[in-house]
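Student: Listed here are the chains, written in short residue letters.
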Amino acid sequence: MPINDMTFRIGGEAGQGVESGGAGFAKALARSGLHVCGVPDYYSRIRGGHNFFTIRVGKEPVLATTDHVEVLIALTGETVERHADSLTPGSAIIIDEEQSYSEELLEDRDVHVMQLPLLQIAKDEGSEVMVNTAALAAAAALTELPLEAVVEVVGENFAKKGSDVVDANRRVAEATFARAREASPPSFLWKLEPLESPTRVVLSGNQAFAMGSLVAGCKFVAGYPMTPATSVLEYMALHADDWGLVVKHTESEIAAVNMCVGAANAGVRAMAPTSGGGFDLMSEGLSLAGMTESPLVIYLAGRPGPATGLATRTAQADLFLAMHAGHGEFPRVVLAPHTPQAFFEAAIRAFNIAERYQLQVIVLSDQYAAASIWSVDASVFDVQNVPIDRGKWLTAEDLEKVDSYKRYALTDDGVSPRAIAGISPKAVYLTTGNEHREDGHITEDPDISAAMADKRLRKLEHALTEMQPPLRHGPEDAEITFVSWGSTYGAVREAVDALNRGGDSANMVHFTDLAPLPVSAARDALSTARRIVTVEGNVEGQLERHLWDEVGIRANASIRKYDGRGFTANYILESFGG
Amino acid sequence: MATVTDFSNDIRPTWCPGCGDFGIWNALKRALVQADLTPREVMLVSGIGCGSKINDYMTINGLHTLHGRALAVATGYKLANHAMHVICVHGDGDGYGMGGNHMMHAVRRNIGILDIVQDNHVYGLTKGQYSPTSQAGFRTKTSPHGALDRPVNPLALALSQGATFAARGFALDLRNLIELMVEGIQHRGYALIDVMQPCVTFNKGMDYDWFTEHTYQLEDEGHDPSDRMAAMARAFEYPGGERIPLGIIYRTEDVPSYEEQVPTLEAGPLAAQPLRTRPSEDYRQLLQELA
Numbered sequence: 187m188p189i190n191d192m193t194f195r196i197g198g199e200a201g202q203g204v205e206s207g208g209a210g211f212a213k214a215l216a217r218s219g220l221h222v223c224g225v226p227d228y229y230s231r232i233r234g235g236h237n238f239f240t241i242r243v244g245k246e247p248v249l250a251t252t253d254h255v256e257v258l259i260a261l262t263g264e265t266v267e268r269h270a271d272s273l274t275p276g277s278a279i280i281i282d283e284e285q286s287y288s289e290e291l292l293e294d295r296d297v298h299v300m301q302l303p304l305l306q307i308a309k310d311e312g313s314e315v316m317v318n319t320a321a322l323a324a325a326a327a328l329t330e331l332p333l334e335a336v337v338e339v340v341g342e343n344f345a346k347k348g349s350d351v352v353d354a355n356r357r358v359a360e361a362t363f364a365r366a367r368e369a370s371p372p373s374f375l376w377k378l379e380p381l382e383s384p385t386r387v388v389l390s391g392n393q394a395f396a397m398g399s400l401v402a403g404c405k406f407v408a409g410y411p412m413t414p415a416t417s418v419l420e421y422m423a424l425h426a427d428d429w430g431l432v433v434k435h436t437e438s439e440i441a442a443v444n445m446c447v448g449a450a451n452a453g454v455r456a457m458a459p460t461s462g463g464g465f466d467l468m469s470e471g472l473s474l475a476g477m478t479e480s481p482l483v484i485y486l487a488g489r490p491g492p493a494t495g496l497a498t499r500t501a502q503a504d505l506f507l508a509m510h511a512g513h514g515e516f517p518r519v520v521l522a523p524h525t526p527q528a529f530f531e532a533a534i535r536a537f538n539i540a541e542r543y544q545l546q547v548i549v550l551s552d553q554y555a556a557a558s559i560w561s562v563d564a565s566v567f568d569v570q571n572v573p574i575d576r577g578k579w580l581t582a583e584d585l586e587k588v589d590s591y592k593r594y595a596l597t598d599d600g601v602s603p604r605a606i607a608g609i610s611p612k613a614v615y616l617t618t619g620n621e622h623r624e625d626g627h628i629t630e631d632p633d634i635s636a637a638m639a640d641k642r643l644r645k646l647e648h649a650l651t652e653m654q655p656p657l658r659h660g661p662e663d664a665e666i667t668f669v670s671w672g673s674t675y676g677a678v679r680e681a682v683d684a685l686n687r688g689g690d691s692a693n694m695v696h697f698t699d700l701a702p703l704p705v706s707a708a709r710d711a712l713s714t715a716r717r718i719v720t721v722e723g724n725v726e727g728q729l730e731r732h733l734w735d736e737v738g739i740r741a742n743a744s745i746r747k748y749d750g751r752g753f754t755a756n757y758i759l760e761s762f763g764g
Numbered sequence: 006m007a008t009v010t011d012f013s014n015d016i017r018p019t020w021c022p023g024c025g026d027f028g029i030w031n032a033l034k035r036a037l038v039q040a041d042l043t044p045r046e047v048m049l050v051s052g053i054g055c056g057s058k059i060n061d062y063m064t065i066n067g068l069h070t071l072h073g074r075a076l077a078v079a080t081g082y083k084l085a086n087h088a089m090h091v092i093c094v095h096g097d098g099d100g101y102g103m104g105g106n107h108m109m110h111a112v113r114r115n116i117g118i119l120d121i122v123q124d125n126h127v128y129g130l131t132k133g134q135y136s137p138t139s140q141a142g143f144r145t146k147t148s149p150h151g152a153l154d155r156p157v158n159p160l161a162l163a164l165s166q167g168a169t170f171a172a173r174g175f176a177l178d179l180r181n182l183i184e185l186m187v188e189g190i191q192h193r194g195y196a197l198i199d200v201m202q203p204c205v206t207f208n209k210g211m212d213y214d215w216f217t218e219h220t221y222q223l224e225d226e227g228h229d230p231s232d233r234m235a236a237m238a239r240a241f242e243y244p245g246g247e248r249i250p251l252g253i254i255y256r257t258e259d260v261p262s263y264e265e266q267v268p269t270l271e272a273g274p275l276a277a278q279p280l281r282t283r284p285s286e287d288y289r290q291l292l293q294e295l296a
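Top line first, the protein sequences correspond to chains A and B.
One gets the working numbering by counting positions in the first sequence from 1 and adding 186 to each.
One gets the working numbering by counting positions in the second sequence from 1 and adding 5 to each.
Keep in mind that the hints are not guaranteed to be accurate.
As the list claims (entries may be wrong) - Ranges between beta-carbon positions, derived for each pair:
1. A:GLU630 - B:LEU280: 31 to 41 Å
2. A:THR597 - B:MET237: 33 to 43 Å
3. A:PRO611 - B:THR217: 34 to 44 Å
Hints listed in this document are in silico derivations from the structure and should not be mistaken for laboratory results.
Keep in mind it's a predicted model, so treat the numbers as computed, not measured.
Every residue, glycine too, gets a C-beta built ideally from N, C-alpha and C.
Using the sequences and the hints, build the whole thing.
Tutor: In structure tokens, the structure reads:
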């Protein structure tokens with residue numbers, strides 16, 4: 187019997203609580219000692235349409251979702267029609283008895299249909315909005331998950347609405363659970379068994395990055411809401427008072443990045459979360475930050491473009507944008523974390539690298555990583571022992587020992603010691619986006635101009651030492667080497683494992699630090715590969731081209747996905763011809 | 006107490022002889038002295054344009070930024086260090102054209118910035134194109150048949166968005182301009198000073214004599230700067246009419262500044278607050294929220 191290894195999908199209209207219900211169910215599963223990965227899929231609208239949330243459960247950490255579903259929780263008949271093709275033989279559908287769907291779709295399929303009076307129970311015991319509570323309770327009954335796990339999470343979600351609402355939800359859950367236990371098909375095989383486990387958190391890439399920023403001492407956040415980055419801005423705003431931050435919802439992304447330049451020059455750690463369109467607007471401000479050597483962290487959660495593209499969906503199409511945005515030449519660092527833990531660590535690294543080299547660090551994400559959720563052992567996030575390095579930092583006392591201070595002093599490593607303007611009578615200087623002398627004043631002198639350009643770019647040689655080599659998985663000597671970056675890690679890794687289990691020989695080289703590219707590590711990892719297959723969520727093969735540019739290694743084949751949806755192992759295997 | 010010399014340096018301005026920027030530059034240095042400030046206590050933020058180079062020609066903390074973005078940078082700076090006196094100086098293209106959106110929001114936020122706009126009604130540094138405050142019909146290289154756009158009314162715009170300090174100065178009238186700047190520095194919240202100035206090279210029709218003939222002092226006519234509707238009526242005198250009111254058109258000190266209302270800033274300037282201030286249970290709480 188497949189115990190603790192299955193995929194749930196809950197589908198319905200926007201406004202029916204598909205995402206909140208799904209996230210709550212994922213949390214209930216994690217508290218039951220199971221690992222989960224939850225992926226939302228929703229349209230850019232507030233009401234109607236068809237949204238669904240997929241939750242894969244496992245005993246071990248679950249890296250990605252699958253294409254097949256064992257329990258389909260259909261809040262609408264449309265859900266059945268849309269997802270019939272994903273149903274595994276022997277799977278089950280939980281649906282309200284009032285909902286209709288085209289039954290011939292299921293005719294030749296081995297699928298159990300549990301029609302329950304979900305809406306009626308919700309109305310009788312509470313109110314009709316509690317239908318998703320009913321549906322989740324039915325799913326718990328079907329899979330033999332103790333009801334208490336679901337009730338506890340639902341209670342927390344509604345705690346703000348008062349004990350009446352919490353009690354009503356409990357009644358709805360209990361009544362549905364009892365009915366569903368009776369109605370559960372005995373031949374349905376997939377079951378859940380709670381396990382003992384350390385404390386786990388369930389979080390998205392956005393939450394992990396925001397939490398990392400908070401503990402890394404980010405003090406100023408400026409942003410304009412834009413999917414899928416908005417929850418970072420919201421997280422920081424929620425914690426601003428307790429953690430001593432100023433969080434500004436600005437009039438535009440142009441204002442956001444320029445406010446961050448101002449805040450950075452006042453000496454605080456500053457961050458701006460955005461998506462591709464907002465990042466476009468930040469280009470000029472990024473260039474100003476580059477010229478003024480203002481440490482800045484920008485979180486870029488990508489989605490398909492151009493223009494508005496697919497506003498609520500995913501793409502890895504902004505690697506070139508992150509690498510090249512802004513006019514002129516200035517150093518920058520681009521990191522693309524691949525798991526919640528990596529997002530947390532990338533935030534901490536980003537603030538340290540930004541200040542150590544006085545440059546801009548772009549943490550590149552995408553909707554899949556930003557909005558999907560994963561269970562992770564809480565102990566993985568060491569929130570209290572965060573290394574903080576502010577780089578060459580001069581205090582007023584330090585300045586007493588020098589005759590004069592030059593903000594842009596030419597140094598061997600290109601990094602000029604930083605004294606915050608006004609901290610001492612000696613730290614009175616100009617910061618300008620024009621080319622400037624060591625003291626900060628404007629110049630057009632050819633020698634100084636060239637020396638300053640060299641100085642700025644020189645910082646990159648030193649920042650390169652901070653870049654982490656690509657992650658490797660699978661046997662060292664393999665027939666096939668998959669090359670990927672960022673959020674696709676889980677899907678690629680599962681594909682590699684599946685191939686090796688099936689008698690093929692595959693491994694993977696996965697990049698998280700993309701600029702400056704750790705070239706020699708990349709060469710080490712790729713030079714002996716026999717057949718390189720790149721896997722990317724874009725049309726142009728941006729990593730593939732980047733590797734050719736920097737490492738001089740070409741891919742033999744590529745798998746590119748640009749339909750707005752994330753990768754699964756199945757997709758990779760099928761594209762690969764497996 | 007600092008002197009004008011303390012705010013000076015040995016860099017010679019690149020402005021044309023007779024440029025209104027000189028008057029604003031001199032007035033600002035004197036206003037800073039009168040307000041009893043030293044160079045390290047001021048952050049002088051500017052945009053891009055002839056006049057925005059003002060902080061290159063002074064001994065002062067300066068942020069010389071991008072065209073149109075001075076107020077955004079200044080806002081971020083002020084929120085990160087509200088102990089600093091933040092003054093913005095930029096031209097009319099910068100402030101009312103490219104930066105018009107930032108200005109509208111700076112006004113309604115009442116962020117503690119003195120915003121001095123060098124309003125010469127023309128683009129100087131790009132050599133003579135019409136600006137947001139140029140009069141309709143103004144012939145320039147980008148408006149060969151005369152500008153079709155009617156001019157921005159900066160004071161009416163500011164008042165309509167809830168400005169708590171709106172004033173107009175004149176680059177030749179140093180005594181009054183210094184006084185306006187001192188009042189603006191001391192104001193609680195956002196203060197706009199729109200400064201009439203000639204561009205002696207690209208806007209010869211609006212020279213010192215023209216401004217002298219067309220301006221008048223509001224206080225000479227008994228204007229009450231606490232009367233918002235009277236202020237609005239005065240604001241509509243120019244552009245559009247032939248008389249340009251000078252002085253404080255509206256002021257109230259009863260509206261809290263943005264930075265006064267941010268809970269985090271009650272503990273002092275953000276830049277002076279330690280990076281991490283939380284007890285260890287708060288760190289655990291971050292994880293409990295997600296468990």
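Student: Taking 34 to 44 Å as the hint, is the beta-carbon distance of PRO611 of chain A and THR217 of chain B inside that range?
Tutor: Once the Cβ atoms are compared, 40 Å apart, the range 34 to 44 Å for THR217 of chain B and PRO611 of chain A holds.
Student: Quick check: does the Cβ-Cβ distance between THR597 of chain A and MET237 of chain B fall within 33 to 43 Å?
Tutor: This hint is violated: roughly 55 Å between Cβ atoms.
Student: Okay, GLU630 of chain A versus LEU280 of chain B on CB: inside 31 to 41 Å?
Tutor: Once the Cβ atoms are compared, 38 Å apart, the range 31 to 41 Å for LEU280 of chain B and GLU630 of chain A holds.
Hint check: a violation occurs at hint 2 only; the rest are consistent with the structure.
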